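Asker: Here is how the chains run, residue by residue.
2 protein chains.
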Amino acid sequence: MASDLIAALRTIAGTDNVLTGAAAEPYCTDRRGRYSGNALAVVLPSSAQQVSEVVKLCAKNRIAIVPQGGNTSLCGASVPLADDTRQVVVNLSRMNRIRNVDATNYTMTVEAGCKLAALYEATEQVDRIFPLGLTAIAPHCEIGGNLSTNAGGIGVLRYGNARDLVLGLEVVLPDGRVWNGLRALRKDNTGYDLKHLFIGAEGTLGIITAAVLKLFPRPQSVATACVAVRDPAAAVALLSHLRASCGDSISAFEIVSRSCLDLVFRHIPDTQEPFADKQHDWIVITQLSDVLPAPLDAALTDALQAFDDGVLEYTVTTDQAQAEAWWKLRKNISDAQKSEGISIKHDVAVPVSRVAKFIAQTDVVLHKAYPGLRIVAFGHMGDGNIHYNISKLDAAQNPPFIERHEHDVNRLVYEVVAKLEGSISAEHGLGQLKREEITHYKSAIEIELMRSIKRTLDPQGLMNPGKVV
Amino acid sequence: MASDLIAALRTIAGTDNVLTGAAAEPYCTDRRGRYSGNALAVVLPSSAQQVSEVVKLCAKNRIAIVPQGGNTSLCGASVPLADDTRQVVVNLSRMNRIRNVDATNYTMTVEAGCKLAALYEATEQVDRIFPLGLTAIAPHCEIGGNLSTNAGGIGVLRYGNARDLVLGLEVVLPDGRVWNGLRALRKDNTGYDLKHLFIGAEGTLGIITAAVLKLFPRPQSVATACVAVRDPAAAVALLSHLRASCGDSISAFEIVSRSCLDLVFRHIPDTQEPFADKQHDWIVITQLSDVLPAPLDAALTDALQAFDDGVLEYTVTTDQAQAEAWWKLRKNISDAQKSEGISIKHDVAVPVSRVAKFIAQTDVVLHKAYPGLRIVAFGHMGDGNIHYNISKLDAAQNPPFIERHEHDVNRLVYEVVAKLEGSISAEHGLGQLKREEITHYKSAIEIELMRSIKRTLDPQGLMNPGKVV
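Protein sequences, first through last, are from chains A and B. Plus 2 on top of the position in the first sequence (first one is 1) and you've got the working numbering. Plus 2 on top of the position in the second sequence (first one is 1) and you've got the working numbering.
These are computed hints drawn from the structure, not numbers from a lab. Computed from a predicted model, the values in this text were never measured in an experiment. Glycine included, C-beta positions come from ideal geometry on N, C-alpha and C. Hints may be right or wrong, so weigh each one.
Said to hold, decoys possible - Here are the simulated lysine-lysine pairs, DSBU-like style, with alpha carbons at most 35 angstroms apart:
(1) B:216 - A:216
(2) A:421 - A:444
(3) A:216 - B:330
(4) A:359 - B:117
(5) B:444 - A:117
(6) A:216 - B:347
(7) A:444 - B:216
(8) A:58 - B:421
(9) A:421 - B:117
(10) A:359 - A:421
(11) A:421 - B:216
(12) B:359 - A:216
(13) B:333 - A:216
(14) B:216 - A:347
(15) B:216 - A:333
(16) B:216 - A:117
(17) B:340 - B:117
(18) B:62 - A:444
(19) B:216 - A:359
Claimed, not checked - So, partial list: chain B residues that the calculated Cβ filter (under 10 angstroms) puts toward chain A:
(20) 109
(21) 162
(22) 181
(23) 218
(24) 221
(25) 239
(26) 290
(27) 292
(28) 295
(29) 355
(30) 443
(31) 447
With these hints in hand, go ahead and build the complete structure from the sequences.
Answerer: The structure is reproduced here in structure tokens:
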């Protein structure tokens, strides 16, 4: 039976593009090594037509399908389940053509398997940008996965989430039919907006095989500031003020706590305190960028000067090396933390106006329940999105602590999130990791609506089962 | 039976808020007087709870529900059908509270019955804007309707369609349950994005009763240019160039043909040729705006000077009166055309890069089939959205011409649209007007997906039947 299926897959995709046994293993474990599963085969189709045939074959044989791109999911969305053997991984990496770049329409049509970094390059050639800001992972992740998880990253404040960067999609449906929704239109009010169903669905409603993406003009002017703030509340107020003063030119607003800085200085070479004389508890890195040749450093300085409630110190620069030195502090927090072992990680969002409340209230709750914890809080304050990681100071204590208390720590954090009407997964999705957890934080009506849509589009439940819903 | 229903509706919404007979009539005909229908009653609930009870009552009795806001639909979406008597209009106008304005989060939570103009006022008070640009209709239309039709207008180029301005929704589902999705989050990846199903669904999947809307900082600098271009192709290239030079600060780019200008000069007092010495065939009105105190007139002049392929003449101004004189030409085209009787109107979109092709190809096709037609082409070129109206020069000939040839004219126009991969309804929706027509221009798969979603959410088919799908 399995051998018949594999033979049929080989007929569709070519012998070399159906992997089994040891060759399939790398595709069955996620990039961080947290999730692992089994698959009858990994198939790498090269066209929507082949994907369609593979899906039809699987549907006929009631074999589950795990769509996969760069396999960089942080929630186990892109690997097969551990406890099911009737699964096939459909890896899209061979569908990596840029079908069309229309610089005048500010769009490009790309296949799901294009690496994000390849899209950066292709747009640079036509003096445009594709502003999905996931620079660290861009050489590995693929646009199909980015869209399936509605990826965020740095730049959401200015350009929106992945969802906001899409005009059209091509999707292979759970019964194998191909929906060609590759429209390149800024306006189209002709019925239900189906593309938004598939974006962020983590492959549970169909397989995105291609997309029309929005491009943007390339910024010419950049100014960056490092600002020491009294506390997160001052940062929240500062952001509101900066938006009112500088508008759309704000392209990043990231907050970093002292605990993050300490980790970075300890583990990452060539990093320095941003302010020589004083170790501040909280810093903000913010960036203005503009297509116009604007004096953004003056604008940013003016805006900072006009705001005196809780700004302790700041430096504004247009010097790229200086800006990169600051960004190095922000971008290496995760790596620095990894050097001290594992931690309990959260990717939460609240309304921007409530970020300071979230940080303050969660601190109180956690320190009361678990005295002596280290809280590493940082992230995309401009989007209300905080990465909030918790560990013991002594790295050796973490594995047993996490083993015993992860569930309770999550519950404490998520309850504050819920009280502030936030989200327990801001940008990483649900995958396997939070599929169960989300049922406590979404209304029964919403869960039921999601399930009824899943049943309608995928009545056999074969499309990435065990993820999301 | 009808009297029982009416009595029950009065118990829910109050006696004065259930209209029948002559009192109901104004709600049963659309604002332009093109669509008319019958309803057992018009009910005006004042809360989501009342809407829920009304919907439950109707669902139990298998009475169709027509959700209605300001009744300004251009496609007959907001009035009952002519050939069905078992219908109730649920008008949301009494649900007109602004529940919350959070200037720091740049959001407000508003009820569906808020007039768009009231939202402009409320945001001005907190030094923000809500950028859905439908100024002419704003005193009449309501935000629930704006969202249900995914309204466009001037400003889409910069801020997106209505859909892009929403963070959360409250919706009464076809079975009367209330889905509270009023999240005020910039990032939330916890499953299917349900709000995008209801936005643009024209009330066929549920009744939007409230929404969380994005606000934006108020622009401080504005510069406007009137540009005479050789032809639409030059305008397309100019737009691409301006975006690359001036970026996000471009907030409008509208094209106006000579036929439009002639109509406006003939019928609208106090209007002048924008260029004194020469009557150009095509003009563009474009606007830059910025929150930063930027020298936008210099930027715009520089960008225009750097572009020499087909720009015949231009004037740049920061003078508001001058800018308004130009905008008067654009904004009065529809009214001027009305003075010469009825016409065949189209609201189409193509990729921005193909707008010139659309205008050129449609002109050829139509003039060949119907020599001597007047073609009035204008609109939101920045979004690829052209309003394209067709009439006989002699107004008296129009009623018989339209009676006989509207269908064939539409077919000729839509076939060019389809060839250019465009949309037959860019911003007005489908309603009753294009419900049948769209089946020729969408794939069978897409129509079937839409219908299966309709069946899933509204199995009895009671929510605004005869519209969209």
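Asker: Next, verify each hint and record whether it holds.
Answerer: Tested hints:
{"no.": "1", "hint": "B:216 - A:216", "verdict": "20 angstroms, holds"}
{"no.": "2", "hint": "A:421 - A:444", "verdict": "12 angstroms, holds"}
{"no.": "3", "hint": "A:216 - B:330", "verdict": "32 angstroms, holds"}
{"no.": "4", "hint": "A:359 - B:117", "verdict": "33 angstroms, holds"}
{"no.": "5", "hint": "B:444 - A:117", "verdict": "31 angstroms, holds"}
{"no.": "6", "hint": "A:216 - B:347", "verdict": "29 angstroms, holds"}
{"no.": "7", "hint": "A:444 - B:216", "verdict": "22 angstroms, holds"}
{"no.": "8", "hint": "A:58 - B:421", "verdict": "30 angstroms, holds"}
{"no.": "9", "hint": "A:421 - B:117", "verdict": "31 angstroms, holds"}
{"no.": "10", "hint": "A:359 - A:421", "verdict": "11 angstroms, holds"}
{"no.": "11", "hint": "A:421 - B:216", "verdict": "21 angstroms, holds"}
{"no.": "12", "hint": "B:359 - A:216", "verdict": "21 angstroms, holds"}
{"no.": "13", "hint": "B:333 - A:216", "verdict": "29 angstroms, holds"}
{"no.": "14", "hint": "B:216 - A:347", "verdict": "29 angstroms, holds"}
{"no.": "15", "hint": "B:216 - A:333", "verdict": "29 angstroms, holds"}
{"no.": "16", "hint": "B:216 - A:117", "verdict": "32 angstroms, holds"}
{"no.": "17", "hint": "B:340 - B:117", "verdict": "25 angstroms, holds"}
{"no.": "18", "hint": "B:62 - A:444", "verdict": "27 angstroms, holds"}
{"no.": "19", "hint": "B:216 - A:359", "verdict": "21 angstroms, holds"}
{"no.": "20", "hint": "109", "verdict": "7 angstroms, holds"}
{"no.": "21", "hint": "162", "verdict": "8 angstroms, holds"}
{"no.": "22", "hint": "181", "verdict": "5 angstroms, holds"}
{"no.": "23", "hint": "218", "verdict": "8 angstroms, holds"}
{"no.": "24", "hint": "221", "verdict": "7 angstroms, holds"}
{"no.": "25", "hint": "239", "verdict": "7 angstroms, holds"}
{"no.": "26", "hint": "290", "verdict": "9 angstroms, holds"}
{"no.": "27", "hint": "292", "verdict": "6 angstroms, holds"}
{"no.": "28", "hint": "295", "verdict": "8 angstroms, holds"}
{"no.": "29", "hint": "355", "verdict": "4 angstroms, holds"}
{"no.": "30", "hint": "443", "verdict": "8 angstroms, holds"}
{"no.": "31", "hint": "447", "verdict": "5 angstroms, holds"}
Violated hints for the displayed structure: none, as all numbered hints are satisfied.
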